[in-house]
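Novice: Sequence:
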Amino acid sequence: MEPTQLLPVLLLLLPTFVSANRKRIIGGQECSETDHPWLAILTSSSGSFCSAALLNHEWVISAAHCYGSGKLEIRLGMHNYTAQRGHEQLRTGVRVICYPETNNSNTNVNCSVIKDIMLVKLNRPVDYSEYIAPIDLPNTPAPLGTDCTVMGWGSITPANMTFPVVPHCVDIQVYNNSMCDYANYWLPVTDSMLCVGVLQGGQDSCKGDSGGPLVCGGELQGIVSLGGFPCAQPLEPAIYTKVHSYLDWIQSIVQ
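Residue numbers -20 to -1, 1 to 235, in mature numbering (1 follows the signal peptide of the UniProt record, and there is no 0), belong to the letters of the sequence shown in order.
It is worth saying that the hints were derived from the structure and are not from the lab.
Treat the hints with care, since some could be wrong.
Have a look at the derived ranges for each label pair, beta carbon to beta carbon [said to hold, decoys possible]:
1. Lys51 to Pro168: 27 to 35 Å
2. Pro80 to Asn119: 32 to 40 Å
3. Pro80 to Ser49: 35 to 43 Å
4. Ser232 to Thr142: 17 to 25 Å
5. Glu53 to Ser109: 16 to 24 Å
6. Gln231 to Pro123: 28 to 36 Å
7. Ile94 to Arg65: 35 to 43 Å
8. Asp161 to Gln9: 27 to 35 Å
9. Gly66 to Asp15: 36 to 44 Å
10. Pro80 to Asn140: 17 to 25 Å
11. Glu13 to Asn140: 24 to 32 Å
12. Ala63 to Asp228: 15 to 23 Å
Because the structure is a prediction, the values reported are computed rather than measured.
The beta-carbon is built from N, C-alpha and C at its ideal position, and this holds for glycine as well.
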């Protein structure tokens, strides 16, 4: 049976976790300018483009697969990246740490998509403002069925890449990891990952959103890691790094 034929059956089996009034638009809608003060753009001189989230004055968090050779630049307080508003702040990364490395590890960066989480120390502290502020780490994991929002400058079309100049936000839900096993991604889905999306399709993170924050109840519960392509297909929720699984490691470094 094809995945699309299974969709009605699976939706009947999961009534608690499916909302009937979700907007079915790739990338959702433009985020409010002041609703994402933790959101950052992370680029490298080797050409990678990702999102990140601010944890405190000196550290941002992103996906390990966003690590690129050469200089890392982090832009905070950014909304329309073609038109600066005067409160943006630019920093460079002076230390990259990927799990399970620590502040005491050697300087060789060893980043793996299997443990898709990365901390970047800024060259100097940022100044907090209405447009730049840290996000809270989670106290507990997000339960199944939790409504969350993912945001970034990734494509707003599922196949023919269309990249906006402003970040888009989209509402998605946390599912049992077995749903991402069903999607048959190339790596096993583990307890340190979250399976998040909309089973009907039509809403999803996409190319260019990597490393971006999954925010649930004001807390950073996930980091955009892996998904299908084209994006936002039925029965293909995406895989996010489960931040709570790495909480002790994060706090031991950034505090």
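Novice: For every hint, state whether the structure bears it out.
Specialist: Hints, one by one, checked against the model:
In this structure, Lys51 and Pro168 meet the distance hint of 27 to 35 Å, their C-beta atoms being roughly 34 Å apart. Taking 32 to 40 Å as the suggested C-beta distance range, the pair Pro80 and Asn119 does not conform, at roughly 23 Å. At roughly 21 Å, the beta-carbon separation of Pro80 and Ser49 lies outside the given 35 to 43 Å, and the hint is violated. Remark: the range hint 17 to 25 Å for Ser232 to Thr142 is contradicted by a beta-carbon distance near 40 Å.
A hinted range of 16 to 24 Å holds for the C-beta pair Glu53 and Ser109, which are about 19 Å apart. Taken as a hint, the range 28 to 36 Å is violated for the pair Gln231 and Pro123, whose Cβ atoms sit roughly 22 Å apart. Between Ile94 and Arg65 the CB atoms are about 39 Å apart, so this pair conforms to the stated range of 35 to 43 Å. Here the CB-CB span from Asp161 to Gln9 is close to 31 Å, well matched to the stated 27 to 35 Å.
For the pair Gly66 and Asp15, the beta carbons lie near 19 Å from each other, so the given range of 36 to 44 Å is not met. Taking the beta carbon of each, Pro80 and Asn140 are about 39 Å apart, not inside 17 to 25 Å as hinted. A C-beta distance of roughly 28 Å is found between Glu13 and Asn140, which places it inside the suggested range of 24 to 32 Å. At about 41 Å, the CB distance of Ala63 to Asp228 disagrees with the hint of 15 to 23 Å.
Comparing the model with each numbered hint stated earlier shows that hints 2, 3, 4, 6, 9, 10 and 12 do not hold.
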